[in-house]
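*Asks:* One-letter residues, chain by chain:
Number of protein chains: 4
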Amino acid sequence: MKKDIILVGASGRMGQEIEKIINSETEFRILYRVSSSFDNDAENRKSIQDIDLGGREPMVIDFSTAGIFGSVVNWCRENKVPLVSGTTGLSNEDFVNLENAGKTIPILWSSNMSVGINVLRKLISQLAVIKDFDFQVEDFHHNKKIDAPSGTAITLQNDLINVLDKDLPQVVSVRAGGIFGIHKINAVSNEEHIILEHRAMNRSVFANGAVFAAKWLKDKPAGCYSMMDALQ
Amino acid sequence: MKKDIILVGASGRMGQEIEKIINSETEFRILYRVSSSFDNDAENRKSIQDIDLGGREPMVIDFSTAGIFGSVVNWCRENKVPLVSGTTGLSNEDFVNLENAGKTIPILWSSNMSVGINVLRKLISQLAVIKDFDFQVEDFHHNKKIDAPSGTAITLQNDLINVLDKDLPQVVSVRAGGIFGIHKINAVSNEEHIILEHRAMNRSVFANGAVFAAKWLKDKPAGCYSMMDALQ
Amino acid sequence: MKKDIILVGASGRMGQEIEKIINSETEFRILYRVSSSFDNDAENRKSIQDIDLGGREPMVIDFSTAGIFGSVVNWCRENKVPLVSGTTGLSNEDFVNLENAGKTIPILWSSNMSVGINVLRKLISQLAVIKDFDFQVEDFHHNKKIDAPSGTAITLQNDLINVLDKDLPQVVSVRAGGIFGIHKINAVSNEEHIILEHRAMNRSVFANGAVFAAKWLKDKPAGCYSMMDALQ
Amino acid sequence: MKKDIILVGASGRMGQEIEKIINSETEFRILYRVSSSFDNDAENRKSIQDIDLGGREPMVIDFSTAGIFGSVVNWCRENKVPLVSGTTGLSNEDFVNLENAGKTIPILWSSNMSVGINVLRKLISQLAVIKDFDFQVEDFHHNKKIDAPSGTAITLQNDLINVLDKDLPQVVSVRAGGIFGIHKINAVSNEEHIILEHRAMNRSVFANGAVFAAKWLKDKPAGCYSMMDALQ
Numbered sequence: 419m420k421k422d423i424i425l426v427g428a429s430g431r432m433g434q435e436i437e438k439i440i441n442s443e444t445e446f447r448i449l450y451r452v453s454s455s456f457d458n459d460a461e462n463r464k465s466i467q468d469i470d471l472g473g474r475e476p477m478v479i480d481f482s483t484a485g486i487f488g489s490v491v492n493w494c495r496e497n498k499v500p501l502v503s504g505t506t507g508l509s510n511e512d513f514v515n516l517e518n519a520g521k522t523i524p525i526l527w528s529s530n531m532s533v534g535i536n537v538l539r540k541l542i543s544q545l546a547v548i549k550d551f552d553f554q555v556e557d558f559h560h561n562k563k564i565d566a567p568s569g570t571a572i573t574l575q576n577d578l579i580n581v582l583d584k585d586l587p588q589v590v591s592v593r594a595g596g597i598f599g600i601h602k603i604n605a606v607s608n609e610e611h612i613i614l615e616h617r618a619m620n621r622s623v624f625a626n627g628a629v630f631a632a633k634w635l636k637d638k639p640a641g642c643y644s645m646m647d648a649l650q
Numbered sequence: 419m420k421k422d423i424i425l426v427g428a429s430g431r432m433g434q435e436i437e438k439i440i441n442s443e444t445e446f447r448i449l450y451r452v453s454s455s456f457d458n459d460a461e462n463r464k465s466i467q468d469i470d471l472g473g474r475e476p477m478v479i480d481f482s483t484a485g486i487f488g489s490v491v492n493w494c495r496e497n498k499v500p501l502v503s504g505t506t507g508l509s510n511e512d513f514v515n516l517e518n519a520g521k522t523i524p525i526l527w528s529s530n531m532s533v534g535i536n537v538l539r540k541l542i543s544q545l546a547v548i549k550d551f552d553f554q555v556e557d558f559h560h561n562k563k564i565d566a567p568s569g570t571a572i573t574l575q576n577d578l579i580n581v582l583d584k585d586l587p588q589v590v591s592v593r594a595g596g597i598f599g600i601h602k603i604n605a606v607s608n609e610e611h612i613i614l615e616h617r618a619m620n621r622s623v624f625a626n627g628a629v630f631a632a633k634w635l636k637d638k639p640a641g642c643y644s645m646m647d648a649l650q
Numbered sequence: 419m420k421k422d423i424i425l426v427g428a429s430g431r432m433g434q435e436i437e438k439i440i441n442s443e444t445e446f447r448i449l450y451r452v453s454s455s456f457d458n459d460a461e462n463r464k465s466i467q468d469i470d471l472g473g474r475e476p477m478v479i480d481f482s483t484a485g486i487f488g489s490v491v492n493w494c495r496e497n498k499v500p501l502v503s504g505t506t507g508l509s510n511e512d513f514v515n516l517e518n519a520g521k522t523i524p525i526l527w528s529s530n531m532s533v534g535i536n537v538l539r540k541l542i543s544q545l546a547v548i549k550d551f552d553f554q555v556e557d558f559h560h561n562k563k564i565d566a567p568s569g570t571a572i573t574l575q576n577d578l579i580n581v582l583d584k585d586l587p588q589v590v591s592v593r594a595g596g597i598f599g600i601h602k603i604n605a606v607s608n609e610e611h612i613i614l615e616h617r618a619m620n621r622s623v624f625a626n627g628a629v630f631a632a633k634w635l636k637d638k639p640a641g642c643y644s645m646m647d648a649l650q
Numbered sequence: 419m420k421k422d423i424i425l426v427g428a429s430g431r432m433g434q435e436i437e438k439i440i441n442s443e444t445e446f447r448i449l450y451r452v453s454s455s456f457d458n459d460a461e462n463r464k465s466i467q468d469i470d471l472g473g474r475e476p477m478v479i480d481f482s483t484a485g486i487f488g489s490v491v492n493w494c495r496e497n498k499v500p501l502v503s504g505t506t507g508l509s510n511e512d513f514v515n516l517e518n519a520g521k522t523i524p525i526l527w528s529s530n531m532s533v534g535i536n537v538l539r540k541l542i543s544q545l546a547v548i549k550d551f552d553f554q555v556e557d558f559h560h561n562k563k564i565d566a567p568s569g570t571a572i573t574l575q576n577d578l579i580n581v582l583d584k585d586l587p588q589v590v591s592v593r594a595g596g597i598f599g600i601h602k603i604n605a606v607s608n609e610e611h612i613i614l615e616h617r618a619m620n621r622s623v624f625a626n627g628a629v630f631a632a633k634w635l636k637d638k639p640a641g642c643y644s645m646m647d648a649l650q
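Protein chains in written order, with the numbering used here: chain R, 419 to 650; chain F, 419 to 650; chain P, 419 to 650; chain A, 419 to 650.
Hints in this document: simulated from the structure, not taken from any laboratory.
No experiment lies behind these values; they were computed from the predicted model shown.
Be aware that a few hints might be false.
Each pair may be met inside one copy or between any two copies, as identical chains are not told apart.
Claimed, not checked - No more than 25 Å apart at the CA atoms, straight line, and that leaves these computed lysine to aspartate or glutamate pairs for DMTMM-like:
hint	residue 1	residue 2
1	Lys549	Glu615
2	Lys633	Glu437
3	Lys540	Glu615
4	Lys562	Asp583
Required output: the full structure, derived from the provided sequences and hints.
*Replies:* Written out as structure tokens, the structure is:
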């Protein structure tokens, strides 16, 4: 039997991409779509609070906005529904809330679900030897993207700060055209310029990662997991 | 007979580079070096006002800072001395002053004296056909550079605004390590990403351009000239 | 009434992309698909010679392979059918054949139908001033692409040779993963490195261009046209 | 007391750069320069065989050509002189010879002595997780460089082949203008494009590395060492 999915942020770019993949999968099916732009009808809900589970045991995949993130987490915790989320722009309070919910339900949150970005994070862990270099993180995304820097860029920046054990200049963000997502890490001395660059070539890279994460998470015990965990 | 040069900003990176080139040239020789870090001695001056020309007819090559730019221009005008300047970070007032001085003396000011940047400016003039694309100018320079964006980036940005006839997002500036100077123009639609990029591979590129400009300017009538004029 | 399209190379990547766009258009409809991998049935043909027009007046859009290009051109000429083609890897003989057919029917052939590549060609026309620089053209494409260098890279290379009036080193080609198409022109002196780069972000860029070209070509008199003509 | 250096390949670009650094050091001094373009005079030799040590105990720093590499190694072994070498384009026979000599004298050979390239080698060791990606190594160097691919590119390529445990396409090499040295590793799937790039911004990066290596090597026991060893 197929596992039911509640897709939050269903009318966004990522939501639509994930729905396409789920529709071509045998393991999952869409139970409800949630978006503030929907009317409440058979398959759609304006808000996750409008949903009555009636005994079903779905999962939530959430690519919505920071503004409703807290209410999604709380609803999942109260209803014991596993949560995969790629929503970015979160506050510290959101992260505390996430961690608390992880005591009750399995949660996988990641600012970027691609293999490549997670490889980049591994590479960053090797850079302590050049901590004297100057570093600069850049992110390029399409002009519809609301948050800047991207959640992924913030993750990479924090990884670098931890490894290099020093402050870094602010991430530089460019929003233009339909760029799927480019992230660059510049490391520069007086004599050398090293660039680690990741380019997403389509949106499927993230949507595929989200569905991959959902498969991995569905039978896990309560806890906060990362994409790194799922990729091991 | 060699033409005398007064080198303003002589203790800076560009000043030292220009002095090297002048010393290997047969056409010019250094008469005075000017820098606030100098003592007044036989060949050095703290300020251009400390110089007594005593009948000589030198040229000024100036790579100093915006703060003293006005006084350099005024001194040149009063003493009828031709001026080549690559000082950046100028105010509107500085440009007005420059233009007035151009009625009395020949002046060539350029934010970037390389051939390549001036080729880039020519390419920009062809971009009106993609005015619907999103544009983003970037500049990367060494961590000793004070002004951001670079004068060159501002020039490229203004060229683009004129050709595209629309506003553009602010120039993005990175300061790291010993980067000589990288400028990029991104033009992005939903389907295509065009990048025009210029990398200076050493400082000589600008210093050579400045000496080239001085040779070109030395016999010109009063007027405000650009590197584009000198390269025709 | 919709204009009938015969799509040659219908089972290839570009063919499928073009069919999607045509199906979402009101101006065109698919009459026949042609591919050597098809059986002859109601809407499909193994070869263009299997088609009996029976009085209809379609156009051909062709993204197939060099091996059958000559027979496609000949069939179009004999049947007075306008032809839009983006097939690459053509021989000199193919180009002569194309030119002859242009005396009878309207033909638009282009190695690359994107706006951006045609802008790049305009920029190339401005580069004579740096003919002393070293030049290197590069192309990057997905690992399914058969010909190397790409037809687009050959076009850019030939444009450069004409403008610079000198020989150039061979185009460098990389085939890897799912890259849609990256073309770079490097111009390098001892002091400067200029890069003009074009990245296609999806295949629609070319398919859109092909359908755009078909609209433009359908009422034109006999002749050989380029994408530059269509974009004026 | 300063350690004597015999500089082989002294009239080449790297040789001159190394001499500049040695002259500004307190620890080393030039005893002899060796180059086929020299006459035998007080400080210069046409060939290393022309040198009579007369009891002195120098080191050799060698940036010459593959053609004379064997004779340099043999001379060092016979005279018990430690050897730092960055000569590239070596044959298998040369490497066997090197290894044998390492039983008698300390030898550090590296195709690239920069910190950054050795960091890149560390990063490569993390890439097994994406062995399904397509890989392509590129190198860009100045138009005076004789060997292609560069020795560094071959080192990176071999590192990748070992880590990924699969064959790779040939390295792509560009020779243009005065590029100091750019190396890129592309890793590409259908959805992601990762680029690890290293740019040398001047020649000092290699010359500094060579002098650093000489300091490290001078008191070591016989053996074959790498730059990785020196950087630990």
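*Asks:* Against each hint, give a clear statement of whether it holds in the structure.
*Replies:* Verification of the hints:
no.	hint	verdict
1	Lys549 / Glu615	both (19 Å within a copy, 18 Å between copies)
2	Lys633 / Glu437	within (15 Å within a copy, 34 Å between copies)
3	Lys540 / Glu615	both (13 Å within a copy, 16 Å between copies)
4	Lys562 / Asp583	between (34 Å within a copy, 22 Å between copies)
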